[in-house]
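Let the sequences and hints guide you as you build the complete structure.
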Amino acid sequence: MSLMLGSPAPSPSKRRLRELVEAARVATCSQDVDARDEAKAQARQDKYYTRWRHMRCLHAYYASRPTPLLPALHVACFEACVQAHVPLSLLESILVKCLGLDPRDKHAIHLVRAVLDVVAETSAHGLVVDYRRVAAMWDTLEQPLLAPRDRLSRWFYIYASTKNNVEAIHTSSDLSAMCTLASSSPLEEAEVDHCLNEFFTETRAKRCHAYTLAELLAYMESHPWFPKLLDRQVWHILPDAIRLEYHRDKYGVSVLRVEQERYAVRLQLAARTWSLASSRAHWHRWREWTYLSRLKKRGERHRQSVQCARGLMGLRDHCHRRRWMHLREAMARTQYHKSLLARVFLDWTFFHAAWRALNAWAVVRAERFRPPRLLRPPYTAWIQYTQLQFQLRRERHEICVAKARAVRAQLLQTIVSAWVYYVVLQKRDRQAAAHQDAMVSADIEYARVEREVAQMTIEDAIAREVIARDKQEMERARAAAFRAQTEQIKKMRKQRELIEYRTAKKLERQRRLDATNDAAWAEIEAMAKAKAREAATKWLATPEGKLKLLESATYIYETGPSTVAAGLQADPAYGNVPNCVWVCRLEVFRTKAQPPKAYYMHTEDLNKILCANLTLADCDAIAREQYIQTRVNETMAQLAIRGAEERLKVLRNRSAKTIQLLFRCRQARKHMRGLMRAVVMRRIDPTTGAVVYYNTMSRTTSPSPPVLMGAAVATLPMESLNWVRRMNNRGELFYFNQETLETSWTIPDGYVLCFKCKLNFVTQRHVATGVRYCVSCFAERIHIERQEAKAQGEAIDPRKGWAKVVVQAAKCAVCKTSAAAVQCHDCLGDTTCLRCFTILHANPKLKHHTQHESLLHTSNASAS
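Here the sequence shown stands for residues 1 to 864, where the numbers follow the UniProt record's numbering.
Just so you know, these hints were derived from the structure itself, not from any lab. Take the hints with a grain of salt, since some may be wrong.
As the list claims (entries may be wrong) - Quick list of the computed label-pair ranges, beta carbon to beta carbon:
no. : residue 1 : residue 2 : range
1   : Gln638    : Phe200    : 27 to 35 Å
2   : Cys815    : Ser153    : 51 to 59 Å
3   : Ala711    : His110    : 24 to 32 Å
4   : Asn197    : Ala504    : 38 to 46 Å
5   : Leu127    : Cys815    : 49 to 57 Å
6   : Leu90     : Ala504    : 48 to 56 Å
Claimed, not checked - Under the rule of at most 27 Å between Cα atoms (straight-line distance), these lysine-lysine pairs were calculated in the DSSO-like manner:
no. : residue 1 : residue 2
7   : Lys670    : Lys494
8   : Lys670    : Lys505
9   : Lys670    : Lys649
10  : Lys506    : Lys490
11  : Lys649    : Lys163
12  : Lys790    : Lys845
13  : Lys845    : Lys816
14  : Lys531    : Lys649
15  : Lys756    : Lys804
16  : Lys597    : Lys608
17  : Lys506    : Lys670
18  : Lys816    : Lys847
19  : Lys491    : Lys505
20  : Lys338    : Lys403
Cβ atoms here follow ideal geometry from the backbone N, Cα and C, with glycine treated the same way.
Written as structure tokens, this is what we have:
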């Protein structure tokens, strides 16, 4: 029996244990999956905070290469991206194209992919990247030293979108992403989010659902620490080279500003001193001039005679002093020799006496063989005599030395007095000579003062004239700038009014179409409602309809009032049909003791019938109207579905047309920009040095770029990227190098001038004849050829026979390496070096070429 029934069922305890084990396994797997997801999210977040390091590497690689002339990154993203989040491959191709990178360069592609990988996000369709974040990061590195207000404005225009003619950021998440763009850690993001929470609170209090630039800038003005926070975060993410360069520039600017302030203070002090002392100095100079004039006119002869007399007296006194000085010098020398001889004689006497004593002592010692007794008294007497004589000689020597010292001191005092007198005489001589030199210098100074007074008068007149000229020039420049700004404002207002008029016309047309569609649909709904009511009425007239109507009326009649009241208390829609004229309501009394009563009410006739007072005729009318309204509601529901489908279809058709029009507009603008690049050229105005736009078709110059170019103005060709022709205030021509900031009064060597005007550099060359023209002469030539072709009835393009020439130092057309020195017009305007020119024109076929000119303009100017 057990084999027939199979294995026995497990017991409840084992089944419960198995369920617990399975639940534990499921919980463990769920925890592992959650932990893995959290680890991946944390790793991606850590990877995201390293985005600036990869972006700096890409920017350094981009800056190390020659920059091509390509559209800006945010402009290309706006044109190519429809939504904010785009696939990673699309943004990679846009970056490679806009940065001018080589797709075959593995290092460049690796840097681009590293940047996009750290900012990529996962979605249902794969990895996507917010192009606004990449464009704003690139713009931050391109413009590293902007003020916080300007940087936030640039970020805002990248993140903002236009809705109802209002440019704003419509979600708080986009605004948070924009403001935390420079944050490199969660702590910095928390600081920015704390600031933004206050801004969001203020905006919600104003009941605004969009964030405009004006509100954001106003918040920055009222909270000054918010721009400081953004500036600090941006400063931390900048490369070290940019920060070092900023500090160097800041130090240089500070030093320059200090010098300028110091110079301004000195100049102001000098001007104030001059203004205060001007009248006093003028009066003093006039008084001194009058006094010197009188002195010169009346006392010149007397002064000369007095000077001659004083000069003779001084010369005589000087001769007497010189004679007396020589006499005193001879006397001093004689006295010095006498004192020297006396001192030498005394020393010689002392020396002679000492030798005599030594000889006597030697004699005494030689006679030692005599008895000491005989020799002791005479020896003792001799010793005493010798000591006495020595003492006497010593006293006499001291007296002589004292006299000699007194004589020497007296002689020294006399010599010092004579020398002091001599020095005083020399000082008086020098003072007399200095007085004479001072009188001569005073005469010279008087002549110099007269010259300076005349020169100051001339300089004052010149200064007044220069100030008047500067004021006139400033007034003319201000008037010209005002006129140019007025014209620009008029053009902008006219364009804005035209755009607003077109937009209003489009909106009015769309409104009329929508009103027509709504009216037609309302007629259709009324017609469908009438048909549904008529069909339901006809069906109720049939036997089947009468039976159904009787059942419904009987149900309403037999349902008790308490049941209806209980149903309405549980569900207010009990026994009611939407949009029906008969509604079932509940009448609630003020006293709780009396229960509520149910009643039916006709909303049009305002006929109220309690459920307890219903008759069969009333139930029949209620059931009839409810059935008809039910059929009408079903028809209107189907019609609403059909209307939604029709509106969606109309919206899709309209969107398709709008997209097609926008695409065609973009293509047309792209085509027109291509045509404008062939017609409009940027050039430097010689008088102001500003960039102007020259139209070779209309031969007109405009200070503002063409409107259709938009943000792609930088793609217009430039007449010259290095040397350009300039003109100073005096109307003198000179040449300026935009790359090296070098100036020259002569034409740079190797540069070819226009064959016609001989002023501007060559930019076009005729292929057939070799004639080379500048932009202006080329436009005139094309205009004349076009007029001639139009008169002959021919439709040709004169530009096809011309080729563009880059403004640069010409190379030899033969050797291709040396710098060109000669241009031969008979050889189709070819430029050659001196060696190749000599070799080519040594050929008999080319000897007759005479129309050639030298390109060594600097050497020719110095030789002339």
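Hints versus structure:
For the hinted restraint 27 to 35 Å between Gln638 and Phe200, the CB-CB distance of approximately 45 Å leaves it violated. With their beta carbons about 54 Å apart, Cys815 and Ser153 fall inside the hinted range of 51 to 59 Å. The hinted range of 24 to 32 Å is satisfied by Ala711 and His110, whose Cβ atoms lie roughly 30 Å apart. Distance hint check for Asn197 and Ala504: the Cβ-Cβ separation is about 40 Å, which falls inside the suggested range of 38 to 46 Å.
The given range of 49 to 57 Å is respected by Leu127 and Cys815, whose C-beta atoms sit roughly 55 Å from each other. Taking the beta carbon of each, Leu90 and Ala504 are about 36 Å apart, not inside 48 to 56 Å as hinted. For the hint linking Lys670 to Lys494, the alpha-carbon distance of about 23 Å falls within 27 Å, and the restraint holds. Simply put, Lys670 and Lys505 have alpha-carbon atoms about 26 Å apart, close enough for the 27 Å limit, and the pair holds.
Taking the CA atoms of Lys670 and Lys649, the gap is about 31 Å. The hint is violated against a cut of 27 Å. At most 27 Å may separate the alpha-carbon atoms for a hinted pair to count; Lys506 and Lys490 meet this at roughly 24 Å. With a CA separation close to 23 Å, the supplied pair Lys649 and Lys163 stays within the 27 Å bound. A threshold of 27 Å between alpha carbons decides the hint, and for Lys790 with Lys845 the separation of about 40 Å lies outside it, so the pair is violated.
As the CA atoms of Lys845 and Lys816 are separated by approximately 23 Å, the hinted pair is consistent with the 27 Å bound. Only pairs whose Cα atoms come within 27 Å are accepted, and Lys531 paired with Lys649 is accepted, the gap being roughly 26 Å. Between Lys756 and Lys804 the CA atoms are separated by roughly 17 Å; this keeps the pair inside 27 Å, and the hint holds. With a CA separation close to 12 Å, the supplied pair Lys597 and Lys608 stays within the 27 Å bound.
For the hint linking Lys506 to Lys670, the alpha-carbon distance of about 24 Å falls within 27 Å, and the restraint holds. For the hint pairing Lys816 with Lys847, the CA-to-CA distance comes to about 23 Å; that is within 27 Å, so the pair holds. Simply put, Lys491 and Lys505 have alpha-carbon atoms about 21 Å apart, close enough for the 27 Å limit, and the pair holds. Taking the CA atoms of Lys338 and Lys403, the gap is about 13 Å. The hint holds against a cut of 27 Å.
Taken one by one, the earlier hints fail for this structure at numbers 1, 6, 9 and 12, listed in ascending order.
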